[in-house]
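Colleague: Residue strings, one per chain:
Number of protein chains: 4
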Amino acid sequence: MTDQAIDLRGVFPPIPTPFDGSGNVAYEALAENLARWNEHGLSGYVVLGSNGEAGYLSEWEKLRVLETARAAIPAGKLLIAGTGCESTRQTLLLTRQAAQAGADAALIVTPHYYNTKMTSDALVRHYQAIADDSPIPVIVYNVPKFTHVDIEVSAIVRAAQHPNIAGIKDTAGNIVKLADTVRQAPAHFQVLAGSAGFLFPALMVGAVGGILALANVAPRQSIAVYDLFKAGRYAQAADLQRRMIPVNAAVTARFDIAGLKATLDLLGYYGGPVRPPLLDLTDAECQALKAIMVEGGIL
Amino acid sequence: MTDQAIDLRGVFPPIPTPFDGSGNVAYEALAENLARWNEHGLSGYVVLGSNGEAGYLSEWEKLRVLETARAAIPAGKLLIAGTGCESTRQTLLLTRQAAQAGADAALIVTPHYYNTKMTSDALVRHYQAIADDSPIPVIVYNVPKFTHVDIEVSAIVRAAQHPNIAGIKDTAGNIVKLADTVRQAPAHFQVLAGSAGFLFPALMVGAVGGILALANVAPRQSIAVYDLFKAGRYAQAADLQRRMIPVNAAVTARFDIAGLKATLDLLGYYGGPVRPPLLDLTDAECQALKAIMVEGGIL
Amino acid sequence: MTDQAIDLRGVFPPIPTPFDGSGNVAYEALAENLARWNEHGLSGYVVLGSNGEAGYLSEWEKLRVLETARAAIPAGKLLIAGTGCESTRQTLLLTRQAAQAGADAALIVTPHYYNTKMTSDALVRHYQAIADDSPIPVIVYNVPKFTHVDIEVSAIVRAAQHPNIAGIKDTAGNIVKLADTVRQAPAHFQVLAGSAGFLFPALMVGAVGGILALANVAPRQSIAVYDLFKAGRYAQAADLQRRMIPVNAAVTARFDIAGLKATLDLLGYYGGPVRPPLLDLTDAECQALKAIMVEGGIL
Amino acid sequence: MTDQAIDLRGVFPPIPTPFDGSGNVAYEALAENLARWNEHGLSGYVVLGSNGEAGYLSEWEKLRVLETARAAIPAGKLLIAGTGCESTRQTLLLTRQAAQAGADAALIVTPHYYNTKMTSDALVRHYQAIADDSPIPVIVYNVPKFTHVDIEVSAIVRAAQHPNIAGIKDTAGNIVKLADTVRQAPAHFQVLAGSAGFLFPALMVGAVGGILALANVAPRQSIAVYDLFKAGRYAQAADLQRRMIPVNAAVTARFDIAGLKATLDLLGYYGGPVRPPLLDLTDAECQALKAIMVEGGIL
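Going down the list, the protein sequences come from chains L, Y, R and P.
So the first sequence is numbered by the working numbering: it starts at 1030 and just counts up by one.
So the second sequence is numbered by the working numbering: it starts at 1030 and just counts up by one.
So the third sequence is numbered by the working numbering: it starts at 1030 and just counts up by one.
So the fourth sequence is numbered by the working numbering: it starts at 1030 and just counts up by one.
Because the hints were derived from the structure by calculation, they are not lab data.
Keep in mind the model is a prediction, meaning the values are calculated, not measured.
Do not take every clue at face value.
For identical chains, the list gives no copy identity; a pair is met inside one copy or between any two copies.
[Said to hold, decoys possible] Once the Cα atoms are required to be at most 25 angstroms apart in a straight line, the calculated PhoX-like pairs of lysine-lysine come out as:
#1 Lys1259 to Lys1319
#2 Lys1146 to Lys1319
#3 Lys1106 to Lys1146
#4 Lys1259 to Lys1106
#5 Lys1146 to Lys1259
#6 Lys1319 to Lys1106
#7 Lys1174 to Lys1259
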């Protein structure tokens, strides 16, 4: 268990895992992407999240990705590792390994395959068991669009009592739930917006930052929303927030990881292909994506 | 069609329809409730909305409820009438009748029974046909928890081009969608938060007010969130907003109309019974409700 | 309350309500359609069901439709009237009126607008209250695709104890639920398949017949599935059942009421337009529909 | 690719994976359970399915479970291995390993984490790629209650053209879909009911057998439904089918894997604990389960 608090304020991109033309992990491309992202004022990175196609990697690949990322991330920026598995047992194991590989915190998705059995009790016990054992702080990851599990505020608040459970990334965008979590959770527990679409309103109701797919391709604008909020320039923050909506939708709901990678390619980062069964964008989709990015001032 | 803009800023309660012990509409109680609400700085009232059990009233009852309300509402406050029916034809008819009864605007729920056929095209044509014909401005009412139809931003924006479509009440609380509607709709189109749970963040992204069940039982606090926002006192607005969450949940999702009516009874208004098949609260539910209201400072 | 059992065996089409070019009910066309359907061995008709656009009709239109239908339906065939409204009060009233107009039974959809409050208790009380009062037998109508309420088997079984609740039309097609209802309900309670897609398997687990949109356009084939089942010719019944699937899908999920009416037009019945906000088929949709009907041997 | 057809007729239990008190796989208990099941006329076993908590096992555990099972299963009975992973790449690898361990076929769940991207195209390519590469026949596994992906009939039919795709286990119980799959798929493609709740109606519309959780605890009754169907004794099959519904519900939807294991313990098999985050039954749940099993004639 950790002795001191981790600081989750600011903006974190959940980075994609680059693959080469044969579908193998492109470790060097990963390091090079990170070197470029490091030039921005990002607070750190989420590695092996949903955008990292984590569920498509072998355990061995996961650990090597973490080691590669750690070597490329300077000490002042956090490496948050996605280590959630379906079973408590495997999550414990992977979290310990991630900590050894240098991760600063573990982002742990709600187990979900047996979704009707993932009651509040089951989820709270899961997070408590991991937090008891983990050498690094634990962040709850709630992403109902993928898991079809939407952890209740009362369960979040119960888990949040644990000193080694540092916060939550909530991707659902239910602003009432975010506000209610802030209201009820203990002070050490930090709420992170899980998508750029609602970063500004989340900050207004008490979130401390965001883990944002958009920050991969628009780190400057993502950080600007945060900085305008911190400076009390709310009208400008709201305006920039609104302008980012179509761009963000393009790299999340509409084109998702394939769209994120295609945008990175357009920006001169390494994007590359997704792993099947995910499909790369068609040419028509690429054109539509490009138009949105030009319109949104990203390209 | 109307010549001048309607001003939807501020807070509107969607008032319940009072029934007596035999299940008949208690028209006098309605007038007396309105007399008390008139003492607060509410911008007006929604009559015959979901909270008004509108679907449980005969056409004749609806019109008499509107006439009773109009007589009890001073000129400076808006009477917004819920006139949405499943068919365009019946909605046209009821909207004309509501205008004759003195309604200032019509709140029109998305048709929904044949939900898979309620495409954007079908919905836009419906609203355009009504707006063409209606003597009073039309407000779109999106309430997926009841309708299982969630009108898309692109459809809202198409409908919003009509000069007689004045705004939308959105109850879903998808803050990204609210912000995107503000971004894309023409200037005359006004966005209203459909629940007190997200009034403050909605205002922050450009909503002009709210139609809030909570405003029936906590008009002072509901207006205070709005006024704090207008005064730029955001931290206090956010704090009050957060404190209203459990109270609001009690009179919406958890206990719904029966809870709203029971709270009105506790406050000295006329609440009374709901119409079956809705069920009144059990004694245990009443006690739970009362405890929440005391805790939230409403009682 | 009724003294003797009603016999729901066999096949019933839920007939559409014809409208003229101005959107008014075409009462003569209704009578003429019925005269043609009467030539087949149908057990009766459902009038004012979902396929009858019942929610789009005024109360006055509903009663005149029932009177017109009664005059056109011979004594040996049942007239089942859709009389379900959102409130118990209005359902009671309309059911009495339907009985006066000559209906033999009332098909009553589960109330659904306040769907989270439509608990088993609320639904059972609703049906019991109506059955206590109704001069004609009551049939429960479960159609989750429209109502988003799916009445539980335990609630069905409780309601089925009432001697004036004669059966259920279940459109969901959950064959386990149908079988379990047959297992637990009293002997007088009759289960009807709500779609031709699963008529044969429903009969195999104990249903007594079906209320089938398909029977409007393919009465002969619909009855043949039933007759083959009764004759114990299961392989042929299963084969005909399977061949009817694409035809049935065309007049239900895919093209729905507009498709049903277009098919009637193609067959020489009066189909005519749907009422807005429903949309009539486009030319391309008409062509696709026609191809399916030719392929399926209906045209 | 395989040269000759596999025969999937009959009843297969998807067996649970036994764990000891420390949560380790109890390999001997697995072998002993199989020895007892072998006494019944089961056509084979599914190992590492959803009921096997496959997602909770490490790769190494999976392979050892398969080897243990193979050693305990006589040559005349099929060993069907669950080898579906989220990525095509990992599924290919695990399927090859399962074949080496002696599996006769691979049951491959639809990938689902990125569910909105699991289009028909993505799924068909996934199954085709695996079928091209797999040394053993592939069975599609559709289980929307866990995956929230419901593969369309048109996609099933496209995949079914591949000679190495032998069939589908469908757990959704949509009898229309099962019938339509039988109608459209090529002759070598075999449909299996995925739950005992609808085994008999599935057989009536053309399924060849079932993979049934119930067959773990009631192999005799499960096989009896199948045998009565084969003998043309439909009324008795339907009756037994109906009587199995509550028993089946207890070991699936209601108590799921923990209930299945508790029932095995009651029957003298080795059930044992589930792995967290799944929770074992409480004492009260055990009592309720036992009552259902006694009532259903299992105990």
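Colleague: Each of the hints needs a verdict: does it hold here or not?
Modeller: Hints, one by one, checked against the model:
1. Lys1259 to Lys1319: neither (31 angstroms within a copy, 39 angstroms between copies)
2. Lys1146 to Lys1319: For Lys1146 and Lys1319, the Cα distance is within 25 angstroms only across copies (20 angstroms; inside one copy 42 angstroms).
3. Lys1106 to Lys1146: Neither way: Lys1106 and Lys1146 sit 37 angstroms apart in one copy and 32 angstroms across, limit 25 angstroms.
4. Lys1259 to Lys1106: within (19 angstroms within a copy, 38 angstroms between copies)
5. Lys1146 to Lys1259: neither (41 angstroms within a copy, 36 angstroms between copies)
6. Lys1319 to Lys1106: Classified as neither; 30 angstroms inside a copy, 49 angstroms across copies.
7. Lys1174 to Lys1259: Neither way: Lys1174 and Lys1259 sit 30 angstroms apart in one copy and 35 angstroms across, limit 25 angstroms.
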